[in-house]
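Produce the complete structure using the sequences and hints provided.
Number of protein chains: 6
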Amino acid sequence: MKKVYHLDADEVPNRVIIMGDPQRVINLSLLLENPVEISKSRNLFIYKGYYNNKEVALASHGIGGPSAAIVIEELIKLGANVLIRLGTVGSLKKEIDVGDVIIPTGASYWHGGAGLGMYFNNICPPTNPSYDLVYDLIKEINNNQIRYHVGSIFSSDSFYAEKDYIDILIKLNFIGIEMECATLFAISNLRGVKSACSLVTSNNLIKGTKGDYNDVVKRIAKIILNVITSN
Amino acid sequence: MKKVYHLDADEVPNRVIIMGDPQRVINLSLLLENPVEISKSRNLFIYKGYYNNKEVALASHGIGGPSAAIVIEELIKLGANVLIRLGTVGSLKKEIDVGDVIIPTGASYWHGGAGLGMYFNNICPPTNPSYDLVYDLIKEINNNQIRYHVGSIFSSDSFYAEKDYIDILIKLNFIGIEMECATLFAISNLRGVKSACSLVTSNNLIKGTKGDYNDVVKRIAKIILNVITSN
Amino acid sequence: MKKVYHLDADEVPNRVIIMGDPQRVINLSLLLENPVEISKSRNLFIYKGYYNNKEVALASHGIGGPSAAIVIEELIKLGANVLIRLGTVGSLKKEIDVGDVIIPTGASYWHGGAGLGMYFNNICPPTNPSYDLVYDLIKEINNNQIRYHVGSIFSSDSFYAEKDYIDILIKLNFIGIEMECATLFAISNLRGVKSACSLVTSNNLIKGTKGDYNDVVKRIAKIILNVITSN
Amino acid sequence: MKKVYHLDADEVPNRVIIMGDPQRVINLSLLLENPVEISKSRNLFIYKGYYNNKEVALASHGIGGPSAAIVIEELIKLGANVLIRLGTVGSLKKEIDVGDVIIPTGASYWHGGAGLGMYFNNICPPTNPSYDLVYDLIKEINNNQIRYHVGSIFSSDSFYAEKDYIDILIKLNFIGIEMECATLFAISNLRGVKSACSLVTSNNLIKGTKGDYNDVVKRIAKIILNVITSN
Amino acid sequence: MKKVYHLDADEVPNRVIIMGDPQRVINLSLLLENPVEISKSRNLFIYKGYYNNKEVALASHGIGGPSAAIVIEELIKLGANVLIRLGTVGSLKKEIDVGDVIIPTGASYWHGGAGLGMYFNNICPPTNPSYDLVYDLIKEINNNQIRYHVGSIFSSDSFYAEKDYIDILIKLNFIGIEMECATLFAISNLRGVKSACSLVTSNNLIKGTKGDYNDVVKRIAKIILNVITSN
Amino acid sequence: MKKVYHLDADEVPNRVIIMGDPQRVINLSLLLENPVEISKSRNLFIYKGYYNNKEVALASHGIGGPSAAIVIEELIKLGANVLIRLGTVGSLKKEIDVGDVIIPTGASYWHGGAGLGMYFNNICPPTNPSYDLVYDLIKEINNNQIRYHVGSIFSSDSFYAEKDYIDILIKLNFIGIEMECATLFAISNLRGVKSACSLVTSNNLIKGTKGDYNDVVKRIAKIILNVITSN
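Which chain is which? The protein sequence lines are A, B, C, D, E and F, in order. Residues in the first sequence are numbered from 1 upward in steps of one, following the working numbering. Residues in the second sequence are numbered from 1 upward in steps of one, following the working numbering. Residues in the third sequence are numbered from 1 upward in steps of one, following the working numbering. Residues in the fourth sequence are numbered from 1 upward in steps of one, following the working numbering. Residues in the fifth sequence are numbered from 1 upward in steps of one, following the working numbering. Residues in the sixth sequence are numbered from 1 upward in steps of one, following the working numbering.
Keep in mind that a hint or two might mislead.
Any copy, or any two copies together, can satisfy a pair, since identical chains are not distinguished.
In silico DSS-like links for lysine-lysine, alpha-carbon gap of 25 angstroms or less [unchecked claim]:
| id | residue 1 | residue 2 |
| --- | --- | --- |
| 1 | K210 | K54 |
| 2 | K2 | K207 |
| 3 | K210 | K3 |
| 4 | K139 | K210 |
| 5 | K218 | K54 |
| 6 | K139 | K93 |
| 7 | K210 | K93 |
| 8 | K194 | K54 |
In case anyone wonders, no lab produced these hints; they're calculated from the structure.
Structure below.
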């Protein structure tokens with residue numbers, strides 16, 4: 001019988017890198033030594049393996065706060081206590097180009113949404129990553145000479161309703177828009193585990209530009225692996 | 001270049017059966033004649049094929065409102081105009097057992113959540129399926145002698161925050177709890193397409209019972225295929 | 001002593017047609033065999049009588065959700081289990097003319113309003129009519145060759161604040177605006193009774209047209225009587 | 001053609017006493033000299049006549065905020081600029097007995113409700129009567145030796161959902177519960193007209209007592225008539 | 001040991017005039033006979049003394065609802081039962097000039113704000129001053145031939161976010177904007193004590209005018225002293 | 001003429017330590033070389049001087065979000081770009097004793113409150129301090145052997161309404177309760193400046209203990225001065 005409701009694994013390493021796309025988990029599992037699939041429930045694959053001689057897992061959380069909330073809660077139940085998300089982001093600033101990295105220091109969301117309404121009701125929870133992971137991520141990115149930006153982002157629940165809010169989000173000084181960071185940060189804070197995120201810019205919503213960014217994803221994955229295995 | 005942001009397909013049949021688990025899409029695609037995978041983006045597989053000589057697709061929408069909203073919006077952009085969800089549900093009534101089917105006539109949700117907050121702001125949208133699809137589903141289920149129940153359900157954003165609300169949800173006369181119907185119904189109404197849902201009871205939250213229900217899923221899949229291909 | 005707080009009747013037939021205007025109840029009571037006034041409290045008249053040899057009542061619910069909620073709750077306490085509203089509606093679509101009928105499949109409302117805030121707090125309840133009554137109503141209207149439209153409507157609490165919202169309501173795909181359906185549908189779902197509605201277009205808010213529609217009201221009354229007495 | 005959407009009258013006196021029950025309007029019209037019915041639309045009767053040689057109208061607003069809001073808005077459009085409500089109230093204090101009068105100094109309501117949500121959105125408007133009318137009402141009641149109480153009340157939208165909130169309402173120091181004062185006071189403030197209210201206790205919600213209070217209603221009607229005709 | 005958490009005083013007179021700026025308390029204490037500082041905690045000075053042979057205190061409540069709420073709650077705990085605020089206000093009407101006085105009859109605020117969210121949750125409390133104090137203030141101002149205006153104001157939490165709301169606030173018929181009246185009125189109602197306010201216009205937000213108004217402040221202080229000592 | 005609406009200063013150093021109590025500003029100004037008072041408006045004193053040869057200011061922000069928001073906005077307009085709050089906190093954990101230090105990593109608040117409602121409407125903004133300031137503060141506190149705790153806190157608007165929420169706040173994993181951090185962090189993020197906070201435990205809400213903590217305040221002030229002058 002399964003230990004948790006959705007995932008198949010019986011336990012996971014305490015260090016887990018999470019990402020939305022299950023295919024990315026499979027691809028990036030090649031960065032690990034001895035990668036082993038430990039959960040494939042709902043195609044939200046989890047692989048574990050070694051990096052810098054430390055055990056680490058890669059897990060997919062699907063799209064959006066409610067999906068991510070389930071995966072995060074279950075990973076924590078199965079042993080995770082450091083969660084770093086590797087995701088993509090739409091840029092809300094002209095100068096943040098496709099392929100640039102955003103390290104979010106906080107994540108805004110629509111009141112009641114992000115899978116957080118039933119947890120917090122009329123209270124707005126803190127949606128910050130762990131300061132020390134942010135510190136380490138930035139240091140490591142600096143060392144790798146990748147263009148990056150640090151700031152607040154907006155975690156949207158409604159990809160196809162976003163366009164009416166772009167002007168407001170920019171005015172509120174959010175530099176990017178994605179879908180799961182508020183959930184990750186709020187639930188990690190609630191459960192007392194560490195979390196952070198690195199986001200690769202997939203498109204620029206001001207300039208309307210897109211482009212390939214897969215190379216950056218791989219470089220960032222290694223950076224996260226270095227950070228998470230040293231924590 | 002992709003026609004929509006997330007899915008790979010260039011077009012989809014106008015009839016689509018959606019479900020959360022991508023693996024279920026793969027399994028149930030065997031019910032179709034000439035099943036072909038037409039999208040595998042983010043492992044949210046879509047297959048198309050024929051049933052009763054009508055073209056139909058099976059698509060996975062992942063977990064939760066925000067994920068489902070993206071898939072539903074993109075399916076509609078790609079041609080879908082009848083969407084029937086096949087899902088699972090936790091029963092909130094003692095007499096609704098594992099393996100029983102629930103046909104939701106409406107779906108409640110937490111204000112601001114279900115991926116609907118940014119669409120509707122302070123307005124509560126209608127979250128009803130199409131009356132005629134509900135009518136047809138019930139008629140067909142009746143013909144197949146499956147135990148079923150008709151009523152309102154609650155579409156939760158927060159699987160792991162639900163336990164504090166069970167008593168309230170029961171008092172409000174919701175007979176089951178799942179995660180995506182409110183989103184499906186509200187967005188289908190917004191976009192002017194038809195939708196409905198059949199849910200197989202996976203567990204009873206009052207009695208704490210679980211059990212196997214895969215056989216019912218397969219039977220319900222055929223019922224939905226019959227209904228959707230006659231609409 | 002009265003059985004319920006507001007209404008005078010001791011019991012009502014299980015089939016009740018409700019409408020806002022008490023005068024309409026009096027007028028339409030002539031359609032019944034042996035019409036008898038059974039409540040006149042607050043001039044919210046209730047008549048009962050026979051149609052197709054079935055007992056049926058006509059009741060007025062006044063204007064707005066809070067008034068309708070009281071009447072609906074008390075009718076249910078007094079025995080009603082099928083409630084069909086006959087009302088008027090302002091059209092939000094150019095092609096829905098004065099005298100056309102709208103069969104609402106769901107009713108939107110302002111969060112906290114419609115007399116529902118204290119029932120549901122931060123939960124948005126389902127506001128759908130009974131699928132089978134909708135099905136029957138449409139079939140019967142079809143047989144009578146009345147122009148009709150099926151879709152979502154907005155149940156407003158604030159007739160004189162509506163004008164600032166017309167553009168938003170149209171964008172959200174609501175085809176008409178009236179004042180009590182959300183309340184009827186939500187409370188009927190809560191109490192486990194059947195409900196539906198037929199609305200006659202009294203004016204077109206896009207074109208600014210008005211006109212006489214009393215003949216349609218009478219025709220629709222007969223249609224509802226036929227439907228409710230066959231359920 | 002009608003001047004306003006719902007009421008029949010072409011104009012009304014600038015002084016109007018409003019009440020929920022249309023029958024009460026008819027009964028109390030006997031207090032006026034030369035009473036004339038000037039609107040009977042939806043049985044929300046309006047009578048006008050003279051008292052103390054001043055023209056005054058009695059109008060029924062039906063039950064609940066949305067109904068009252070329409071009547072109040074239309075009365076103002078037709079010329080009213082002083083509105084005093086005569087209503088009944090459930091007592092939330094042990095010492096406020098059936099037949100006692102409550103003069104509300106402010107009216108609380110459920111956010112989004114009372115027919116005010118679409119007017120004020122996320123702003124909470126002031127829901128106070130006119131201080132000078134309150135002053136005059138109390139002076140006049142004092143002169144007539146009627147037991148009265150002054151304080152905040154709760155204007156409920158949901159008579160049948162109130163029972164879950166009684167303890168909270170008492171803790172918040174509300175001394176009575178009725179259904180339309182918040183609407184009257186907020187809309188009068190919005191439109192720049194004067195308003196106030198006198199409420200006769202119909203039942204005590206703490207002690208569960210009821211009783212006859214019609215004599216007090218008549219006495220209070222005269223008091224309001226004296227106050228309104230001297231303003 | 002202190003009797004209350006923030007203030008130093010052991011008791012205060014039952015009549016207290018409150019104002020935001022501690023320096024104004026010091027300045028106006030010169031109007032009292034035998035002024036004595038009785039609390040200086042957090043520089044929110046309180047002085048007591050005599051006026052018209054009645055004991056009265058002047059207290060500073062700082063800026064904004066949360067600060068004022070603490071001071072008001074503690075003043076009440078220490079014996080206050082009549083609280084009149086002397087403040088400044090930005091005018092939202094062309095004809096209300098710098099130096100004119102506004103007597104608020106009710107105070108609007110942002111839902112959840114004004115330090116009231118945790119007290120009242122989803123209920124909007126009444127935010128009215130005591131009618132009799134308003135009556136007395138206006139009579140006394142009239143006697144002193146100061147230009148004054150009576151109406152609803154908006155109590156803002158966010159001085160630097162106000163500019164986006166000016167048009168809405170004007171449309172809602174608020175004649176001035178300040179920061180603490182909603183809090184004063186709601187908490188006074190909650191605790192069963194009397195409150196009112198006189199506001200001196202410091203600037204006109206429509207015309208963009210400012211000017212000196214200190215002389216009016218002093219005159220109003222005397223008016224309030226006369227009113228409060230006769231209550 | 002003043003450069004900003006409330007404060008007197010014409011400019012402030014870019015490094016500012018803020019605290020609620022004006023008296024604390026005066027006391028701690030003695031830690032600076034050449035302390036000079038540069039604003040005394042509303043007794044919210046600001047001193048500037050030198051520490052480690054860097055110019056730094058101490059400013060009081062009063063009590064609560066709305067007051068703090070004004071001071072923070074004006075300090076930023078006058079030149080501040082690093083703001084560190086020194087405050088006190090009530091402990092929500094048994095093991096956090098009087099005199100212990102809490103470094104908040106995020107601050108929760110009541111939706112609509114904290115002076116943030118009008119800025120963000122239905123969006124929940126990120127309420128995190130700057131990760132690098134948190135990092136530096138913790139390093140410096142470690143070096144000084146002060147007992148400290150790192151975690152999420154709740155920024156309350158309603159000191160006297162808190163007691164009903166203690167159990168919920170503890171369940172949500174907040175370790176302390178104070179009144180201004182959410183405001184500081186959200187507005188600093190909005191305006192693109194750096195902020196952080198160190199809080200000295202003044203009392204333990206679980207154990208009901210209080211005690212003297214002034215010595216720790218002085219030690220923490222020096223720590224903050226060291227951190228802020230090295231940034």
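Hints and how they fare:
1. Proximity of K210 and K54 under a CA criterion of 25 angstroms is satisfied in neither setting, with 36 angstroms inside one chain copy and 37 angstroms between copies.
2. Proximity of K2 and K207 under a CA criterion of 25 angstroms is satisfied inter-copy only: 19 angstroms between copies versus 47 angstroms inside one chain copy.
3. In this homomeric assembly, K210 and K3 come within 25 angstroms of each other (Cα to Cα) only across copies, at 14 angstroms, whereas the closest approach inside a single copy is 41 angstroms.
4. Taking the shortest Cα distances, K139 and K210 never come within 25 angstroms of each other, neither inside one copy (27 angstroms) nor across copies (41 angstroms).
5. For the identical chains of this complex, K218 and K54 are intra-copy neighbours only, at 19 angstroms inside a copy versus 43 angstroms across copies, given an alpha-carbon limit of 25 angstroms.
6. In this homomeric assembly, K139 and K93 come within 25 angstroms of each other (Cα to Cα) only inside a single copy, at 23 angstroms, whereas the closest approach across copies is 33 angstroms.
7. In this homomeric assembly, K210 and K93 come within 25 angstroms of each other (Cα to Cα) only inside a single copy, at 14 angstroms, whereas the closest approach across copies is 38 angstroms.
8. For the homomeric pair K194 and K54, the shortest alpha-carbon distance inside one copy (17 angstroms) is at most 25 angstroms, but the shortest distance between copies (34 angstroms) is not.
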